[in-house]
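Trainee: Residue numbers (this note's numbering), protein chains in the order written: chain A, 1 to 113; chain B, 1 to 187.
Do not rely on the hints blindly, as some may be mistaken.
Claimed, not checked - Under 7 Å between C-beta atoms, here's a sample of chain B residues computed to sit facing chain A:
no., residue
1, Arg35
2, Ser39
3, Glu56
4, Phe59
5, Leu78
6, Trp81
7, Leu127
8, Leu129
9, Phe149
By construction, these hints were calculated from the structure, which means they are not laboratory data.
The beta-carbon is built from N, C-alpha and C at its ideal position, and this holds for glycine as well.
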Amino acid sequence: MSEDARALDLEALLADALRPIEPPESLASRLETTLASITEQAAAELSSWAEELSETELSALRDPRNWVRPVVAAAAGTAAGGALLVVQMRRRRQESGRARRLADELIRAVRPS
Amino acid sequence: MDPEEDRGGSGEDPSGARKAELDRAFEELYRAHLRDVYSYAYYRVGNHHDAEDLTEQAFLQAYRHFDRARRESDGRPLRPWLIRIAHNLASNYHRDRSRRPEAALEAVEPPSHPHGTERVVEGREELRLLIAKLDDLPEDRRDALIMRFALGMSNREIARAIGRSDGATKVLIHRAIRQLEEEMGDE
């Protein structure tokens, strides 16, 4: 057998040995559920926490030294979760322009680059 | 992750519209490449259970960094980026368990063949031998062959996934095949 023919034969054998493997049907839905719960969890934690804030706490949050908690929450949900959070916070705090500005400020601060 | 969920208020909210678009794009990505990531994971870890876990972790990591990856991809396909994530996770998997990475393929069963019985036995033996030889290859060569043959990736895609130049990747694959040929020929 020539060198080229042998190489072709081996490539055919490799294609046979390394066939694509179909993932289980349950995997896609499991993934969707996990991803959805991550974004929801991050958004829920941040938005419920923001609703509990008093005026003093809102002022205190302008100090970056107090940003540990939102950073932790946003890290769980990443930029996508952060974007969802902005949407939710904006909906809930339409009347309060000041709080909304603060929320945006926080998201900008905690959003991963 | 239901893109429809956010669409209601997105008309008035650029952030909501952007998130919905991002989610839709990510959903497309994982539907298109779930099999690729799963196949790669399976051939790296050698069993379905760990392959599922690794696939899930890969997509979770991808989801976290998807926005940035899209921005930095300049419109290029994201499959190499996705496979690179799986590649790193598989390396961690083997390191964490203090296993030799070479052990994974030993557990892989050759696929069954729609041929006659004699051909099946003969073919499966040949495949078993090939898998054993694949298992002995250096990790980078074996990885490149998995990407080429199980995932059908081009040299350029493989190069991006393993962080090498196109030329170096071509040489890597060529040498991997030559090594296998020689070792199969010795049997």
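Trainee: So which of the earlier hints does this model not fit?
Mentor: 5, 6, 8
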